[in-house]
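There are 2 protein chains.
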Amino acid sequence: MSKTFEKLKPYLDKAMAFQTARSLFEWDEQTLAPLEAAEYTSKIVGTLSDEYFKSLINDKVRKLLKKLQEEKELDELTDHEKAIIKELNKIYEQLESIPPKEYRAYNELTSISSRKWVKAKKDNCFDDFAPYLQKIVDYKKKFANYRAKGTKNPYDVLLGDFEEGFGIKELDILFEKVKQEIIPLLKKVSEKATTIDKSYNYLDYDLDKQKEFCRYLSGYVGFDFNRGVIAESAHPFTLSLHNHDVRITNHIYSNNLESAMFSIIHESGHAIYEMSVDDAITQTLVGGGTSMGMHESQSRFFENMIGRSEFFWEPIYEKLVATYPKQLKDISLIHFIKGINKAAPSLIRTEADELSYPLHIIIRYEIEKMIFSGEITVAELPKIWNQKTMEYLGITPPTDSAGVLQDTHWSWGEFGYFPSYAIGTAISAQIYSHMKEIMPFDQYLKEGNLTPIREYLKDSIHKYGSTKTSKEILYNMTGEEFNADYYVNYLKDKYEKLFHLNK
Amino acid sequence: MSKTFEKLKPYLDKAMAFQTARSLFEWDEQTLAPLEAAEYTSKIVGTLSDEYFKSLINDKVRKLLKKLQEEKELDELTDHEKAIIKELNKIYEQLESIPPKEYRAYNELTSISSRKWVKAKKDNCFDDFAPYLQKIVDYKKKFANYRAKGTKNPYDVLLGDFEEGFGIKELDILFEKVKQEIIPLLKKVSEKATTIDKSYNYLDYDLDKQKEFCRYLSGYVGFDFNRGVIAESAHPFTLSLHNHDVRITNHIYSNNLESAMFSIIHESGHAIYEMSVDDAITQTLVGGGTSMGMHESQSRFFENMIGRSEFFWEPIYEKLVATYPKQLKDISLIHFIKGINKAAPSLIRTEADELSYPLHIIIRYEIEKMIFSGEITVAELPKIWNQKTMEYLGITPPTDSAGVLQDTHWSWGEFGYFPSYAIGTAISAQIYSHMKEIMPFDQYLKEGNLTPIREYLKDSIHKYGSTKTSKEILYNMTGEEFNADYYVNYLKDKYEKLFHLNK
Chain A
0 MSKTFEKLKP YLDKAMAFQT ARSLFEWDEQ TLAPLEAAEY TSKIVGTLSD EYFKSLINDK
60 VRKLLKKLQE EKELDELTDH EKAIIKELNK IYEQLESIPP KEYRAYNELT SISSRKWVKA
120 KKDNCFDDFA PYLQKIVDYK KKFANYRAKG TKNPYDVLLG DFEEGFGIKE LDILFEKVKQ
180 EIIPLLKKVS EKATTIDKSY NYLDYDLDKQ KEFCRYLSGY VGFDFNRGVI AESAHPFTLS
240 LHNHDVRITN HIYSNNLESA MFSIIHESGH AIYEMSVDDA ITQTLVGGGT SMGMHESQSR
300 FFENMIGRSE FFWEPIYEKL VATYPKQLKD ISLIHFIKGI NKAAPSLIRT EADELSYPLH
360 IIIRYEIEKM IFSGEITVAE LPKIWNQKTM EYLGITPPTD SAGVLQDTHW SWGEFGYFPS
420 YAIGTAISAQ IYSHMKEIMP FDQYLKEGNL TPIREYLKDS IHKYGSTKTS KEILYNMTGE
480 EFNADYYVNY LKDKYEKLFH LNK
Chain B
0 MSKTFEKLKP YLDKAMAFQT ARSLFEWDEQ TLAPLEAAEY TSKIVGTLSD EYFKSLINDK
60 VRKLLKKLQE EKELDELTDH EKAIIKELNK IYEQLESIPP KEYRAYNELT SISSRKWVKA
120 KKDNCFDDFA PYLQKIVDYK KKFANYRAKG TKNPYDVLLG DFEEGFGIKE LDILFEKVKQ
180 EIIPLLKKVS EKATTIDKSY NYLDYDLDKQ KEFCRYLSGY VGFDFNRGVI AESAHPFTLS
240 LHNHDVRITN HIYSNNLESA MFSIIHESGH AIYEMSVDDA ITQTLVGGGT SMGMHESQSR
300 FFENMIGRSE FFWEPIYEKL VATYPKQLKD ISLIHFIKGI NKAAPSLIRT EADELSYPLH
360 IIIRYEIEKM IFSGEITVAE LPKIWNQKTM EYLGITPPTD SAGVLQDTHW SWGEFGYFPS
420 YAIGTAISAQ IYSHMKEIMP FDQYLKEGNL TPIREYLKDS IHKYGSTKTS KEILYNMTGE
480 EFNADYYVNY LKDKYEKLFH LNK
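Listed in order, the protein sequences are those of chains A and B.
Everything in the first sequence is counted per numbering that gives the first Met the number 0, starting at 0 for the first residue and increasing by one.
Everything in the second sequence is counted per numbering that gives the first Met the number 0, starting at 0 for the first residue and increasing by one.
No wet-lab data here; the hints were simulated from the structure.
There are no misleading hints in this set.
One copy or two, it doesn't matter: identical chains are merged, so the pair holds either way.
Think about it this way: if two alpha-carbon atoms lie no more than 30 Å apart in a straight line, the pair counts; the simulated DSBU-like pairs of lysine-lysine are:
no., residue 1, residue 2
1, K42, K2
2, K337, K318
3, K6, K59
4, K42, K115
5, K178, K491
Whole structure, please, built from the sequences with the hints as guidance.
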C-alpha cells in the first residue's frame with residue numbers, strides 16, 4: 000500500500016464505520032424500532048452523519064487527496080485504491096462545491112419538505128407542497144450550476160450523479176424509442192390481456208404461508224441466508240452493511256399473491272449483487288453496487304427476465320399450487336404465466352407491470368427536464384402530469400395523490416433519479432440477450448439450476464462493486480456499448496409471443 | 000449550564016452516540032444478524048469502540064475535567080451535571096489505565112468469542128471455546144491489574160465495576176450466610192416438594208401461544224410497547240438504547256411453560272427500570288440503571304416477589320388456563336403456585352428456582368475468584384465446575400453445554416458480574432420487606448393494579464438512573480443500610496409457609 004494511501008485509510012475506515020452504523024439504524028427504524036424512539040434516536044443518527052462527513056471532508060484528507068493526484072503517487076496505487084480515490088474525488092467535487100451554510104439549509108428544507116409531502120399526499124393538496132418543492136428545485140438548480148460551471152445543463156449534472164455517462168442526449172434517444180414502440184404495443188397487449196382472468200391472484204392468501212414461500216423463492220434464486228436476513232417493512236427495500244450482511248424486506252398482503260413474491264425476487268436481485276462484491280473491496284467507498292441503474296438492472300433481471308419466465312416456474316409451480324391448493328388448483332402454469340405478465344395502463348408507478356413501467360418514467364423524466372430548463376413552473380406540475388399521463392397511458396389520475404404526488408423522491412430532492420429505473424431495465428434486457436447467446440439460459444431455469452447464471456453475473460458485474468462504471472462493465476461483459484434497442488426488442492418479442500399478437 | 004460543562008458536552012454527546020450505535024450492533028448480533036456477518040461487523044464495532052474511547056479520553060476533555068474539579072466550577076454545576084462528572088471521572092480511572100490498542104483488540108475479541116461460545120455450546124465442545132476464553136481472561140487480568148496497581152486484588156476491581164462498595168470481603172460474608180442457611184433449607188424444601196406433580200409444566204405448549212401470552216404478561220407488569228420491543232435470542236437479555244427504546248429478548252421452549260413466562264417478567268423488570276429513567280438524564284453517562292446489582296434487584300423483584308406470588312396470579316390465572324385448557328384444566332391455582340415455587344437442585348442457572356439460584360452464583364463466584372488468583376487455569380474449568388456443582392447442588396452436569404458452557408457472560412468478558420445477581424436478589428428482598436410495610440402490596444397484586452408499585456419504584460429508584468449509587472438509593476428508600484439478613488429471612492419465611500416446613 001502506498002504510504003500516502005496508508006495515511007488516508009484510517010479516515011476512510013472511520014467514515015465506513017459511521018456510515019454502516021447509520022445504515023443499521025435505518026434498517027432498525029424501518030423494521031423494528033418502537034414508536035416513540037425516533038425523536039431520541041434521531042440525535043444519534045445526526046451525530047453519526049456529522050462524523051461521517053467530518054472523517055471524509057477535512058483538511059488532512061484534502062491534503063492527502065491532493066498529493067495523490069501527483070503522477071508518482073498515482074503509480075503506486077493498486078486498481079482498487081485508484082477506484083477509491085476516484086470515488087473520494089467525486090464526493091469532494093459534489094460536497095465542496097456547495098457552501099456549507101447552503102448545504103445545511105438545504106438539508107433542513109428536505110427534512111421538512113418530506114414531511115409536507117406526506118401530509119399533502121394524504122390531504123390530496125398539491126398547493127400545500129408546492130412552495131417547498133419550488134424551494135427544493137431552486138436549491139437543486141443552484142447546486143447543479145455550481146458544478147456545471149456553465150459547461151453543462153444543470154439537469155445533466157443531476158442525471159450524471161445517479162448514472163455516470165448518461166445525460167439528456169442519451170436519455171432522449173432511449174425514451175423516444177420506448178415511446179414509439181411501447182405505447183402502441185401496450186395498447187395491443189392490454190386489449191388481448193383483458194381475456195385473462197386474474198381473480199385468483201386476489202383471493203385470501205395466508206400470511207405465514209406467503210412468508211414461507213417467499214423465503215423459499217429468495218433462497219431459490221440465490222439469496223444466501225448465512226450472509227443476509229429478511230424482515231418486513233412498509234415498503235420493500237435492500238440494505239447492505241457489507242458483503243456478508245445484506246438485508247432485504249418484504250411487504251405481504253393477504254389479498255395479493257403476486258405482490259410479495261415478485262418483491263422478494265426483486266430485492267433478492269439487489270441483495271445478490273451486494274453479497275457478491277469482492278471481499279477485497281467490501282467496507283470501502285467502492286464496496287457497493289456501481290450505480291442506481293446497474294443495481295436496478297440486477298433486481299429487474301431477477302424479477303422479470305428470470306422471475307416472470309415460464310421456464311423459471313416450470314420446476315416450482317407445482318410447489319406453489321401445493322402451498323395454496325384451494326386458490327390455485329384450477330390455474331394452469333400457462334394461465335399463471337400470462338397472469339403475472341398481464342399488462343395494462345395504470346396510475347401508480349410502483350404497481351405498474353413490466354410493459355407500462357417505462358411510460359411512468361418518461362412522464363417524470365420529461366417533467367424534470369422541463370422544470371430544470373425553466374420551461375414550466377412547479378405550480379404547473381399537476382396539469383402537465385395529468386396531460387402526459389393521458390398522452391402516454393390513456394388515463395387521467397382522479398386525484399393529485401394518485402398523480403403528481405404519488406412518489407416521495409422529489410420531496411427529498413431526488414431529481415434525476417427516476418431515469419435510472421429505466422436505464423437499469425434497459426441494461427437488464429441487453430444483458431439478457433447476451434447471456435441467452437452464450438449459455439443455455441432457459442435450460443438452466445428449467446432445471447432449477449440458477450448457479451451458472453448467478454456465477455456469470457458475479458464474475459462480470461457484481462464482484463467489481465463500484466470499481467468500474469456501469470458502461471465499462473456492460474462493454475466488458477457484452478462487447479457492446481449500451482444500446483436501447485435490446486430493451487424495446489425484448490419487450491416486443493416477449494409480449495408478441497406470450498399473447499400471440501401476430502396471429 | 001456552566002461554560003466549562005458546555006464545552007464538554009459535544010464530547011459527551013458524541014460518546015453517547017457511538018455507545019448507542021455499538022449497543023444496536025450488539026442487539027442485532029444477538030437477535031438477527033446473519034451467521035457470517037460477525038467477522039466483518041466486528042471491524043465496525045471495533046471502530047465505534049475506538050471512537051467512543053477517543054471522544055471521552057483526550058487532552059481536551061481531560062483539561063475540562065480537571066478544571067471542573069475546582070470549587071467555583073463545581074458550584075456552577077447542577078446535580079445531574081455533577082453526577083455526569085463523577086461518572087466521567089470513574090471512566091477515566093477505568094479506561095485511562097488501558098492502552099487504546101489493547102482496548103480495541105479486546106472489544107474485537109469479545110465480539111468474535113461470543114459467537115464462538117454460541118457454537119461451542121451447540122456442539123458441546125468446551126475446547127473450541129477455551130482458547131478464546133483464555134485470551135479474554137488474560138486481557139481482564141491485565142486490565143484489572145493496570146487499575147489495581149498492587150493495592151487491590153484484581154478480582155476486587157472487577158467486582159467493584161459492577162457494584163460500587165462490594166468486594167471479596169463483603170461477598171464472602173453474604174455467601175457464607177447463604178451457604179449456611181440455604182443449603183439445608185433447599186434440602187428440606189426439595190424433599191417436601193417432590194410430592195408436587197409438576198408434569199403439567201413439561202407438556203407441549205404451542206410456541207405462538209406462548210409468545211402471545213408472554214407479550215401479555217410483559218405489558219401486564221408494565222412494559223411499554225411504545226418504548227420497547229421484544230425479540231428472541233439464545234439467552235434472554237435487556238438492552239437500552241435510551242429511555243424511549245428499551246429492548247428485551249426471550250427464549251421460548253415448546254416443552255416448558257414456566258421458562259419463557261418468568262424470563263419475560265424478569266427482563267420486563269430490567270426494562271421498566273430503564274424506561275423509567277428521567278428524560279433529563281437519558282442519553283447521558285448517568286442515563287442507565289445505577290448498577291448491575293440494583294438492576295437485578297428490579298428484575299428479581301418483578302420475577303419473584305411479584306411474579307411468583309399467589310396474589311399476582313389470582314386475577315390472571317384464569318386467562319392462562321384458557322390459553323392452554325388441555326394442559327392446565329386440572330391444575331388449581333394453588334397447585335400452580337406451588338409448582339412455580341417448587342425448589343430442587345438443578346443444572347441450569349437461568350432455569351433454577353429462587354431457592355437454589357444463589358448456589359449457582361456461589362459456584363461461579365468461587366471459580367472466578369480462583370481464576371483471578373491464578374489458583375486454576377481455563378483448561379481446568381469443566382472439572383472444577385462439575386466438582387462444585389456436586390458439592391453445593393448434589394448433581395453433576397452430563398455435558399459441558401449444561402455445565403461450564405451454559406452462560407454467555409464469560410464470552411463477553413463479564414467476570415465479576417455473577418455476584419451482582421445475588422446482591423440484587425438480596426436488595427430486592429430488603430425492598431420487598433420495606434414496601435410491604437408502607438403499602439397494601441398484596442392487595443394491589445390481587446386487584447391487578449401494579450401501577451402504585453411501579454410508581455413507587457420509579458420515584459425511589461428508577462428515575463435517578465445512576466445519579467445515585469445503589470447504596471444511597473437503598474438507604475434513602477428504606478432508611479437502612481444493605482442487610483443480607485432480609486434475603487435469608489425472606490427465603491426462609493416464604494418456603495416455610497408455602498411448604499408447611501414447620502408442621
